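Numbering of the sequence shown is given in the working numbering, commencing with residue 1 and proceeding in unit increments.
To be clear, the hints were calculated from the coordinates, so they are not data collected in a lab. Only a predicted model underlies this, so the values are computations on that prediction, with no experimental measurement involved. Ideal Cβ placement from N, Cα and C applies to all residues, glycine included. Treat the hints with care, as some may be off.
[Unchecked claim] What follows is a set of in silico ranges between Cβ atoms, one per label pair, in the way DEER data are often shown:
id	residue 1	residue 2	range
1	LYS91	ARG60	14 to 24 Å
2	TRP79	ASP18	11 to 21 Å
3	TYR6	ARG26	27 to 37 Å
4	PHE4	GLY78	23 to 33 Å
5	VAL41	GLY94	37 to 47 Å
6	LYS95	ARG26	37 to 47 Å
7	GLU87	ARG12	29 to 39 Å
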Amino acid sequence: LYYFTYSTWKGRNVYLEDIYVTPEYRGQGIGSKIIQKVAQVALDQGCSQFRLAVLDWNHRAVALYKALGAQDLTETEGWHAFRFEGEAMRKLAGK
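Start from the sequences and build out the full structure, keeping to the hints where you can.
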């Protein structure tokens, strides 16, 4: 659900991966409680940041994260996410 990472600018932080609340349980505060708990763990473990990512079509999640006080780094700092996979990764690795 989450793991620790390190930022050269901010030090230790936590990354929340793939949170999903099934449709019949949405709107009951479950997602907020999960995020709140991860924030508590992050602070208890000395983290300075709590990061996550969401696809732009997931408007409910974007609204939730903003309502909870998260910054949208694409809007505020211009960050873009990239990945290498499959053939691009093999080519890069020389394999």
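Hint-by-hint comparison with the structure:
1. LYS91 to ARG60: 14 to 24 Å: Violated, since LYS91 and ARG60 (Cβ atoms, about 37 Å apart) do not stay within the stated range.
2. TRP79 to ASP18: 11 to 21 Å: 19 Å, holds
3. TYR6 to ARG26: 27 to 37 Å: At roughly 33 Å between Cβ atoms, ARG26 and TYR6 fall inside 27 to 37 Å, so the hint holds.
4. PHE4 to GLY78: 23 to 33 Å: For GLY78 against PHE4, whose Cβ atoms are near 25 Å apart, the range 23 to 33 Å holds.
5. VAL41 to GLY94: 37 to 47 Å: Distance hint for VAL41, GLY94 holds at roughly 39 Å.
6. LYS95 to ARG26: 37 to 47 Å: Hint holds: Cβ distance 43 Å, inside 37 to 47 Å.
7. GLU87 to ARG12: 29 to 39 Å: 34 Å, holds
The structure shown violates just one earlier hint, number 1.
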